[in-house]
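Protein chains: 2
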Amino acid sequence: MSVQNEHVELGVLTELVGYHLRRASSTFAGDFARALEGTGMRQVPFGILSVVDANPGINQGAAGRVLGIQRANMVAIINELVDRGWIERKVPAGDRRAFALAMTPAGKAQLAQSLARIREHEEQMLSGFDADDRAQLLSLLARIEAKER
Amino acid sequence: MSVQNEHVELGVLTELVGYHLRRASSTFAGDFARALEGTGMRQVPFGILSVVDANPGINQGAAGRVLGIQRANMVAIINELVDRGWIERKVPAGDRRAFALAMTPAGKAQLAQSLARIREHEEQMLSGFDADDRAQLLSLLARIEAKER
DNA sequence: TATTGTTATACTCTATAACTATA
DNA sequence: TATAGTTATAGAGTATAACAATA
Numbered sequence: 001m002s003v004q005n006e007h008v009e010l011g012v013l014t015e016l017v018g019y020h021l022r023r024a025s026s027t028f029a030g031d032f033a034r035a036l037e038g039t040g041m042r043q044v045p046f047g048i049l050s051v052v053d054a055n056p057g058i059n060q061g062a063a064g065r066v067l068g069i070q071r072a073n074m075v076a077i078i079n080e081l082v083d084r085g086w087i088e089r090k091v092p093a094g095d096r097r098a099f100a101l102a103m104t105p106a107g108k109a110q111l112a113q114s115l116a117r118i119r120e121h122e123e124q125m126l127s128g129f130d131a132d133d134r135a136q137l138l139s140l141l142a143r144i145e146a147k148e149r
Numbered sequence: 150m151s152v153q154n155e156h157v158e159l160g161v162l163t164e165l166v167g168y169h170l171r172r173a174s175s176t177f178a179g180d181f182a183r184a185l186e187g188t189g190m191r192q193v194p195f196g197i198l199s200v201v202d203a204n205p206g207i208n209q210g211a212a213g214r215v216l217g218i219q220r221a222n223m224v225a226i227i228n229e230l231v232d233r234g235w236i237e238r239k240v241p242a243g244d245r246r247a248f249a250l251a252m253t254p255a256g257k258a259q260l261a262q263s264l265a266r267i268r269e270h271e272e273q274m275l276s277g278f279d280a281d282d283r284a285q286l287l288s289l290l291a292r293i294e295a296k297e298r
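Chains P and A are the protein sequences, given in the same order. Under my numbering, think of the first position of the first sequence as 1, with each following residue one higher. Under my numbering, think of the first position of the second sequence as 150, with each following residue one higher.
The set of hints was computed from the structure by calculation and includes no laboratory data. Do not take every clue at face value.
Said to hold, decoys possible - Result set (EDC-like, lysine to aspartate or glutamate): computed pairs, CA atoms no more than 16 Å apart in a straight line:
hint	chain 1	residue 1	chain 2	residue 2
1	A	Lys257	A	Asp281
2	P	Lys147	A	Asp180
3	P	Lys108	P	Asp83
4	P	Lys147	A	Glu272
5	A	Lys296	P	Glu120
6	A	Lys257	A	Glu272
7	P	Lys108	P	Glu88
8	P	Lys147	A	Glu269
9	A	Lys296	P	Asp31
10	A	Lys296	P	Glu123
Model the full structure from these sequences, guided by the hints.
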């Protein structure tokens, strides 16, 4: 029997929003990875670049908090971004515990290049979605994100 | 400065559907884990229970395929479900390569108990969503899942 | 040859606890 | 004391390659 002809029921999963969120997110992430293949860019590091770019001088803890990444897990990711020359750590005058993160010119360029690929990938994944569909989806997702505790 | 007063911009992430899908899915998964805490149930094993229940006699490969889980990764999960006495492997008469998976009575009970908790958790996460909002969300997610390749 | 299940392995993401330097 | 960053560690999910048994 070929895979195409396989008839398999999902059972109670069919009606569970959590299941479909997980699968849709996974489908999106898989296409993201293919679209960025060879660049070494992944979803999480890209998120950090976006936040550092939008908040020059932000520290690791604050960047991690807005992205839902714990302090301990930020260390390796920030190290990677610094090693690639995309962001830099500066010791601020006021509080010598925290580093101020800032984009380098190479980081800015990387962010722009990745963003171009990501926009293509989003167009692909959302083909068939009109402006209303996209706005609806973003609005519904935002209402779920707001339930984070 | 308290966390509440922290003002941090997401930058280009704000408009990216992939980012919000990932965060909403993560918010949902976190609440799922809290709702099922102590029962040992997780999203992936629950999905398998649902599929086996809806397709008695299905084999590991087919169950994994519909859920997007690879053969190699099914082994440990099926072992766990068998060890817990929730499903059983039977050697079918026709094809002795594949096992036929079936629910045990304990597995049926576990599925029902977990489902009750999961429905409460979904009510919590979707409070404020009317029937139309839920149908819209499921429909939009299904259109993204259909892009899986 | 192709398929099913299996083993081994590795990488990403996530989670917790404990430590240090600084405030 | 509280906070920022760090280290160590572990678990869950996911990915690939290679193998044995069966078809």
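Results for each hint:
| no. | hint | verdict |
| --- | --- | --- |
| 1 | A:Lys257 <-> A:Asp281 | violated, 31 Å |
| 2 | P:Lys147 <-> A:Asp180 | holds, 9 Å |
| 3 | P:Lys108 <-> P:Asp83 | holds, 15 Å |
| 4 | P:Lys147 <-> A:Glu272 | holds, 12 Å |
| 5 | A:Lys296 <-> P:Glu120 | holds, 14 Å |
| 6 | A:Lys257 <-> A:Glu272 | violated, 23 Å |
| 7 | P:Lys108 <-> P:Glu88 | holds, 12 Å |
| 8 | P:Lys147 <-> A:Glu269 | holds, 14 Å |
| 9 | A:Lys296 <-> P:Asp31 | holds, 9 Å |
| 10 | A:Lys296 <-> P:Glu123 | holds, 12 Å |
Hints 1, 6, counting from the list given before, are not met by this structure.
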